[in-house]
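Please work from the sequences and hints to get the whole structure.
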Amino acid sequence: MTNPAAGSPDLSLAVAGIRLQNPVMVASGTFGYGPEFAELIDLNRLGAIVVKGISIEPEKGNPTPRMLEVPGGLLNAIGLQNPGFEKFVAEYMPFLRGLRIPLIVNIWGRTIEQYGNLAARFDAVPGVSALEINISCPNIKQGGLTFGSDPRLAAAVISAVRKSTRLPIIPKLPPNTSDMPALARAAEDAGANAISLVNSFPAMAIDIRTRRPILANITGGLSGPAIHTIAVKLVWEAAKAVRVPIIAMGGIAGPEEAIEFLIAGASAVAVGTANFTDPATALRVIEGIRGYLAENGIPSVRDLVGSLRLT
Amino acid sequence: MTNPAAGSPDLSLAVAGIRLQNPVMVASGTFGYGPEFAELIDLNRLGAIVVKGISIEPEKGNPTPRMLEVPGGLLNAIGLQNPGFEKFVAEYMPFLRGLRIPLIVNIWGRTIEQYGNLAARFDAVPGVSALEINISCPNIKQGGLTFGSDPRLAAAVISAVRKSTRLPIIPKLPPNTSDMPALARAAEDAGANAISLVNSFPAMAIDIRTRRPILANITGGLSGPAIHTIAVKLVWEAAKAVRVPIIAMGGIAGPEEAIEFLIAGASAVAVGTANFTDPATALRVIEGIRGYLAENGIPSVRDLVGSLRLT
Amino acid sequence: MHLENASVTQHRPVAGAYRELSFETTRIARETRPGQFVHIRVPNLGESVLRRPFSIYRADGAVISILYKEVGKGTRALARLARGDTLSALGPLGNGFPTPADGALPVLVAGGYGVAALYLLAERARSKGVLFVGGSGRQDLLCAGDFEKLGWQVVAATEDGSQGFKGRVTGALDEWVKSGLGNRTPEFFVCGPMGLLRAMADRAKALNVRAWLSMDRHMGCGVGACLACVQRIRLPSPPGAWKWARICRDGPVFEAGDILWDDREDG
Amino acid sequence: MHLENASVTQHRPVAGAYRELSFETTRIARETRPGQFVHIRVPNLGESVLRRPFSIYRADGAVISILYKEVGKGTRALARLARGDTLSALGPLGNGFPTPADGALPVLVAGGYGVAALYLLAERARSKGVLFVGGSGRQDLLCAGDFEKLGWQVVAATEDGSQGFKGRVTGALDEWVKSGLGNRTPEFFVCGPMGLLRAMADRAKALNVRAWLSMDRHMGCGVGACLACVQRIRLPSPPGAWKWARICRDGPVFEAGDILWDDREDG
Ligand SMILES: Cc1cc2nc3c(=O)[nH]c(=O)nc-3n(C[C@H](O)[C@H](O)[C@H](O)COP(=O)(O)OP(=O)(O)OC[C@H]3O[C@@H](n4cnc5c(N)ncnc54)[C@H](O)[C@@H]3O)c2cc1C
Ligand SMILES: Cc1cc2nc3c(=O)[nH]c(=O)nc-3n(C[C@H](O)[C@H](O)[C@H](O)COP(=O)(O)OP(=O)(O)OC[C@H]3O[C@@H](n4cnc5c(N)ncnc54)[C@H](O)[C@@H]3O)c2cc1C
Ligand SMILES: Cc1cc2nc3c(=O)[nH]c(=O)nc-3n(C[C@H](O)[C@H](O)[C@H](O)COP(=O)(O)O)c2cc1C
Ligand SMILES: Cc1cc2nc3c(=O)[nH]c(=O)nc-3n(C[C@H](O)[C@H](O)[C@H](O)COP(=O)(O)O)c2cc1C
Ligand code: FES
Ligand code: FES
Numbered sequence: 001m002t003n004p005a006a007g008s009p010d011l012s013l014a015v016a017g018i019r020l021q022n023p024v025m026v027a028s029g030t031f032g033y034g035p036e037f038a039e040l041i042d043l044n045r046l047g048a049i050v051v052k053g054i055s056i057e058p059e060k061g062n063p064t065p066r067m068l069e070v071p072g073g074l075l076n077a078i079g080l081q082n083p084g085f086e087k088f089v090a091e092y093m094p095f096l097r098g099l100r101i102p103l104i105v106n107i108w109g110r111t112i113e114q115y116g117n118l119a120a121r122f123d124a125v126p127g128v129s130a131l132e133i134n135i136s137c138p139n140i141k142q143g144g145l146t147f148g149s150d151p152r153l154a155a156a157v158i159s160a161v162r163k164s165t166r167l168p169i170i171p172k173l174p175p176n177t178s179d180m181p182a183l184a185r186a187a188e189d190a191g192a193n194a195i196s197l198v199n200s201f202p203a204m205a206i207d208i209r210t211r212r213p214i215l216a217n218i219t220g221g222l223s224g225p226a227i228h229t230i231a232v233k234l235v236w237e238a239a240k241a242v243r244v245p246i247i248a249m250g251g252i253a254g255p256e257e258a259i260e261f262l263i264a265g266a267s268a269v270a271v272g273t274a275n276f277t278d279p280a281t282a283l284r285v286i287e288g289i290r291g292y293l294a295e296n297g298i299p300s301v302r303d304l305v306g307s308l309r310l311t
Numbered sequence: 001m002t003n004p005a006a007g008s009p010d011l012s013l014a015v016a017g018i019r020l021q022n023p024v025m026v027a028s029g030t031f032g033y034g035p036e037f038a039e040l041i042d043l044n045r046l047g048a049i050v051v052k053g054i055s056i057e058p059e060k061g062n063p064t065p066r067m068l069e070v071p072g073g074l075l076n077a078i079g080l081q082n083p084g085f086e087k088f089v090a091e092y093m094p095f096l097r098g099l100r101i102p103l104i105v106n107i108w109g110r111t112i113e114q115y116g117n118l119a120a121r122f123d124a125v126p127g128v129s130a131l132e133i134n135i136s137c138p139n140i141k142q143g144g145l146t147f148g149s150d151p152r153l154a155a156a157v158i159s160a161v162r163k164s165t166r167l168p169i170i171p172k173l174p175p176n177t178s179d180m181p182a183l184a185r186a187a188e189d190a191g192a193n194a195i196s197l198v199n200s201f202p203a204m205a206i207d208i209r210t211r212r213p214i215l216a217n218i219t220g221g222l223s224g225p226a227i228h229t230i231a232v233k234l235v236w237e238a239a240k241a242v243r244v245p246i247i248a249m250g251g252i253a254g255p256e257e258a259i260e261f262l263i264a265g266a267s268a269v270a271v272g273t274a275n276f277t278d279p280a281t282a283l284r285v286i287e288g289i290r291g292y293l294a295e296n297g298i299p300s301v302r303d304l305v306g307s308l309r310l311t
Numbered sequence: 001m002h003l004e005n006a007s008v009t010q011h012r013p014v015a016g017a018y019r020e021l022s023f024e025t026t027r028i029a030r031e032t033r034p035g036q037f038v039h040i041r042v043p044n045l046g047e048s049v050l051r052r053p054f055s056i057y058r059a060d061g062a063v064i065s066i067l068y069k070e071v072g073k074g075t076r077a078l079a080r081l082a083r084g085d086t087l088s089a090l091g092p093l094g095n096g097f098p099t100p101a102d103g104a105l106p107v108l109v110a111g112g113y114g115v116a117a118l119y120l121l122a123e124r125a126r127s128k129g130v131l132f133v134g135g136s137g138r139q140d141l142l143c144a145g146d147f148e149k150l151g152w153q154v155v156a157a158t159e160d161g162s163q164g165f166k167g168r169v170t171g172a173l174d175e176w177v178k179s180g181l182g183n184r185t186p187e188f189f190v191c192g193p194m195g196l197l198r199a200m201a202d203r204a205k206a207l208n209v210r211a212w213l214s215m216d217r218h219m220g221c222g223v224g225a226c227l228a229c230v231q232r233i234r235l236p237s238p239p240g241a242w243k244w245a246r247i248c249r250d251g252p253v254f255e256a257g258d259i260l261w262d263d264r265e266d267g
Numbered sequence: 001m002h003l004e005n006a007s008v009t010q011h012r013p014v015a016g017a018y019r020e021l022s023f024e025t026t027r028i029a030r031e032t033r034p035g036q037f038v039h040i041r042v043p044n045l046g047e048s049v050l051r052r053p054f055s056i057y058r059a060d061g062a063v064i065s066i067l068y069k070e071v072g073k074g075t076r077a078l079a080r081l082a083r084g085d086t087l088s089a090l091g092p093l094g095n096g097f098p099t100p101a102d103g104a105l106p107v108l109v110a111g112g113y114g115v116a117a118l119y120l121l122a123e124r125a126r127s128k129g130v131l132f133v134g135g136s137g138r139q140d141l142l143c144a145g146d147f148e149k150l151g152w153q154v155v156a157a158t159e160d161g162s163q164g165f166k167g168r169v170t171g172a173l174d175e176w177v178k179s180g181l182g183n184r185t186p187e188f189f190v191c192g193p194m195g196l197l198r199a200m201a202d203r204a205k206a207l208n209v210r211a212w213l214s215m216d217r218h219m220g221c222g223v224g225a226c227l228a229c230v231q232r233i234r235l236p237s238p239p240g241a242w243k244w245a246r247i248c249r250d251g252p253v254f255e256a257g258d259i260l261w262d263d264r265e266d267g
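Residue numbers (my numbering), protein chains in the order written: chain A, 1 to 311; chain B, 1 to 311; chain C, 1 to 267; chain D, 1 to 267.
Hint data in this document are derived by calculation from the structure and do not stem from the laboratory.
Take every hint as true, because none was put in to throw you off.
Straight-line Cα separation of at most 30 Å, DSBU-like style, residue types lysine-lysine; simulated pairs:
| # | chain 1 | residue 1 | chain 2 | residue 2 |
| --- | --- | --- | --- | --- |
| 1 | D | Lys69 | C | Lys73 |
| 2 | C | Lys73 | D | Lys73 |
| 3 | A | Lys87 | A | Lys60 |
| 4 | D | Lys128 | D | Lys205 |
| 5 | A | Lys60 | C | Lys243 |
| 6 | D | Lys205 | B | Lys60 |
| 7 | A | Lys87 | C | Lys243 |
In structure tokens form, the structure reads like this:
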């Protein structure tokens with residue numbers, strides 16, 4: 001462990017074998033494929049980029065309305081719209097490869113085979129650091145959440161991906177489970193190198209004037225500060241249950257929430273909804289963690305991870 | 001069905017065999033045993049009162065801090081502090097019997113036997129309209145949520161209570177399930193006369209200064225507007241899955257949220273956290289529903305229940 | 001595209017329920033083109049996670065302004081801002097309107113706050129044209145005088161007949177079309193409620209002219225990343241084929257003929 | 001106990017970071033007794049679900065006031081209120097202080113905003129006594145002059161020695177005790193941070209006199225329903241036995257000897 005001079009704490013750490021200059025990523029689906037925010041912030045300062053979910057074929061996603069602000073957060077039902085594997089690789093990988101930070105590609109499928117198949121294809125794509133396996137999207141009819149809500153199905157998807165790629169794999173689990181430790185252990189046993197927690201919560205809003213659902217997809221996923229305290233609890237439980245690192249997300253709006261996740265046991269965090277509120281959130285979080293470590297005389301962010309005191 | 005004169009809609013309906021003058025209750029644990037708010041609002045205008053959870057023996061509950069405001073809601077870890085069956089009956093039933101509205105007593109236990117036993121005792125207490133069976137409290141170590149998170153355990157508790165009382169029974173289910181329809185059906189099959197949805201969400205907050213949990217109990221339950229859209233989704237799913245009526249709660253802050261629940265399929269609603277924000281919330285909700293029905297030419301609240309339009 | 005902390009320089013009532021909020025934001029102001037918008041983080045808005053998009057009404061030196069009315073909690077909080085308060089502004093966003101085609105007569109059609117998106121176009125257009133503006137009464141005829149000052153012809157329509165044509169703005173336009181259009185081909189630039197946009201798309205089709213429509217949609221990121229604000233756009237082939245365009249980044253202005261109207265749209 | 005919409009009548013800086021907010025609330029004002037508090041719903045506080053409790057500092061005719069400083073988002077939003085704004089007030093809550101015992105010398109001990117809870121007691125007490133008030137410097141000595149105007153003796157302590165005793169308020173008190181206490185038995189009335197309360201409980205025990213402590217705790221309902229604000233209170237028997245009391249309804253004032261101190265308390 002390096003022992004940096006006082007006042008300049010070490011933010012670097014390795015997660016799932018990926019070396020991160022700092023533990024702050026941007027969450028899948030909230031940061032596009034990178035270029036969208038490139039004019040606004042220096043992407044090379046991020047810990048890593050996690051891109052919007054990719055499937056084998058292009059996907060149109062859901063009709064509109066797709067988003068709605070609600071108290072403490074927002075509902076979205078984008079429905080995993082994406083250009084598909086080939087177009088993603090052709091259109092976005094050149095840009096992403098030009099960055100000096102790790103790239104995590106979020107993938108999803110409608111069948112276990114599709115997950116494995118897509119993972120195998122990414123194995124051959126230079127510039128990809130890891131795959132985040134989305135088995136927790138609340139916004140598609142088949143696949144998505146149905147895999148993540150059952151530990152056996154989750155394990156089946158993860159095993160299939162494990163067999164298809166040498167890349168580190170990071171299943172992304174849903175928050176609506178009654179037994180997070182069991183789900184996290186199932187993911188670890190099936191070969192996960194890290195675990196992402198949490199996706200948005202299945203949720204719904206009704207227009208009382210028309211008596212119709214507000215989102216065209218009827219239901220959507222709740223994200224933002226509203227879910228943060230639930231996510232902290234789930235991350236804490238999962239971190240106690242498994243040895244692989246946890247990447248935590250859910251309602252990070254500034255450094256405080258990120259530090260909470262790290263103390264609860266997460267090795268890295270991702271900023272989602274807050275990218276919309278303030279595109280510079282992730283950078284603020286990085287500087288906030290640095291300041292916190294310095295003020296508290298903590299030499300490395302690794303010393304913060306899982307440092308919750310219960311006695 | 002009565003057809004009242006235009007402009008004076010009918011708010012009455014029956015839930016679990018209890019006749020309600022209107023569908024708006026106050027939720028367990030947020031309204032004490034009734035007298036606490038009696039100086040502030042006319043309790044006889046409520047649909048029903050649901051009192052704080054009662055156990056056989058007195059219960060001290062958790063150490064402090066027990067409550068914390070968070071974005072869009074609050075965390076509580078009261079830990080079901082209560083005077084126990086005998087003292088509750090002696091001290092509060094005379095007052096509660098003096099009210100002209102139905103009384104629903106929320107009960108809980110640490111074992112299946114305790115649930116059955118307590119239900120049998122309430123059977124002999126005049127003035128109790130129904131029992132709400134709390135199998136979803138996130139704040140006690142044994143019992144509570146562990147029963148509600150597994151459909152088989154939930155069914156076992158409900159069956160035990162069913163055998164012990166002639167009173168209508170209303171299991172109160174947790175929100176952190178991956179399969180609400182299955183849980184609701186299990187409750188119905190085990191003999192529930194109605195189902196209450198939802199209890200607060202298991203959640204947690206950490207003081208980053210001390211690196212300790214803020215609540216003395218480590219974890220707590222998240223309630224308030226933050227959970228509303230999740231609750232609407234769960235109520236909608238449960239209402240489709242069962243025939244017994246649903247009593248919905250979670251983030252009602254005014255008439256809009258209550259009307260959303262009714263449209264989603266709830267037959268009644270309960271105001272929880274908002275009693276702290278504004279003790280007159282339940283009365284505002286009642287008047288708001290009345291106004292909404294009148295404006296929309298809906299003769300009875302029964303016509304609103306489950307009237308969600310999907311096409 | 002810039003993210004700037006902007007200081008409020010002026011906040012004044014305009015007409016009816018509308019107010020103009022001006023703030024200093026050098027880089028955004030300098031780059032603004034007609035029809036672009038700014039995504040504002042409203043201060044003191046509790047736990048609201050989304051910014052609010054507004055057309056850039058004026059851009060002058062280092063200052064831009066928006067024209068808005070209170071419709072919900074964000075605009076209500078905006079209304080409490082005073083000179084010297086700061087807000088965070090992200091912009092200029094979107095592509096805005098194209099430069100009016102040479103030879104064609106630029107015809108602007110505004111409903112409600114739609115004039116806000118059109119003013120810079122009028123100010124910067126090489127040739128002057130006509131503005132059609134509607135409202136329920138004369139007090140709603142936002143900024144008509146400003147367009148006149150620029151030398152544009154203004155045709156007003158009020159539903160109560162208190163000024164100009166009695167009826168809707170499309171009614172006034174139909175009369176003008178019937179009366180012969182002058183002798184130039186009109187090119188429409190439209191901003192207003194969905195109903196107005198669709199009505200103008202129909203008219204442009206009937207007249208076989210171009211209509212540039214500025215669209216509203218609930219927005220998340222505002223920069224093209226979240227895919228919340230999408231609109232179906234026709235593809236040249238095969239028939240019926242379409243793709244999503246992002247209103248925030250690929251729009252907010254689209255040519256009417258490219259739009260595949262949906263029966264259920266928000267905003 | 002009433003729930004009233006109250007209109008702000010005055011909002012003024014007092015000393016240091018403290019401000020006094022006054023509002024008209026007839027029924028609450030009329031019934032207020034010393035040491036009671038009011039539970040305020042701060043307007044424009046986004047999605048905040050909890051009210052904020054404040055001691056009632058003054059109650060005069062139809063107006064009450066509170067003395068506060070900005071410590072978090074609720075008090076920051078309070079600070080933005082101006083004359084004419086409305087807030088919702090729930091009160092008067094709690095039991096407040098008992099009437100000082102006949103024959104005893106009422107000794108008030110205040111830390112920080114603690115003077116707010118004590119002023120009405122001084123104003124309404126039948127006999128005058130002594131106020132001990134502390135702060136980091138003279139600018140923090142809140143309202144000392146007001147107590148002097150009532151004819152109370154004021155003993156100030158400042159940590160920088162800029163006025164009165166140099167050190168903590170308990171230090172000043174200890175000196176005074178050593179110097180003989182006068183010839184009356186003191187009865188303590190204390191409001192301030194937890195450390196001060198515990199320190200005063202120790203002194204009262206050593207002196208074998210009564211100390212009435214006003215306690216702070218994060219609150220939910222404020223009316224005794226939610227059981228968030230509880231405090232362990234000794235039972236006469238068996239030894240070690242205790243029960244919870246609700247600070248909001250059974251307190252906020254407790255006799256020091258009844259309190260079972262916990263090693264981990266909030267507020
Ligand atoms: C490109 C563009 C340009 C716009 N220009 C103007 C303008 O110049 N002047 C003006 O007054 N308004 C304009 N609007 C509409 C403006 O964004 C909304 O009035 C505003 O967002 C309402 O916020 P609120 O919090 O007051 O309303 P609420 O209803 O409380 O808002 C809730 C949510 O819905 C969104 N929302 C509500 N109405 C609209 C709407 N009509 N369009 C998009 N999102 C909406 C809000 O942004 C927020 O996320 C524009 C919208 C877009 C997309
Ligand atoms: C009986 C009683 C009387 C009080 N009298 C005064 C007074 O006269 N003047 C004064 O300045 N303050 C007083 N306080 C403290 C005051 O309630 C808090 O300063 C205030 O609630 C802080 O709110 P915030 O939103 O600014 O802080 P935040 O920290 O943002 O508040 C977050 C949450 O914590 C609660 N909280 C934070 N600090 C305290 C605290 N010290 N006590 C209780 N709850 C807290 C808030 O109510 C809120 O629920 C009193 C507290 C109690 C219990
Ligand atoms: C608009 C939007 C789109 C999202 N798309 C994806 C996605 O494609 N794949 C995925 O795994 N998660 C997706 N998410 C979930 C986020 O990555 C994140 O897990 C969640 O929003 C919680 O974090 P937050 O509260 O910080 O937003 C999306 C979230 C939002 C708001
Ligand atoms: C302080 C507090 C105490 C509660 N105590 C109980 C309880 O004793 N039994 C129970 O079934 N639910 C209890 N609940 C849960 C509420 O009844 C309700 O289900 C939950 O708060 C969601 O509704 P809300 O968002 O309107 O508060 C409690 C909630 C709060 C906030
Ligand atoms: S608002 Fe995010 S893509 Fe347009
Ligand atoms: S604050 Fe609810 S019991 Fe005291």
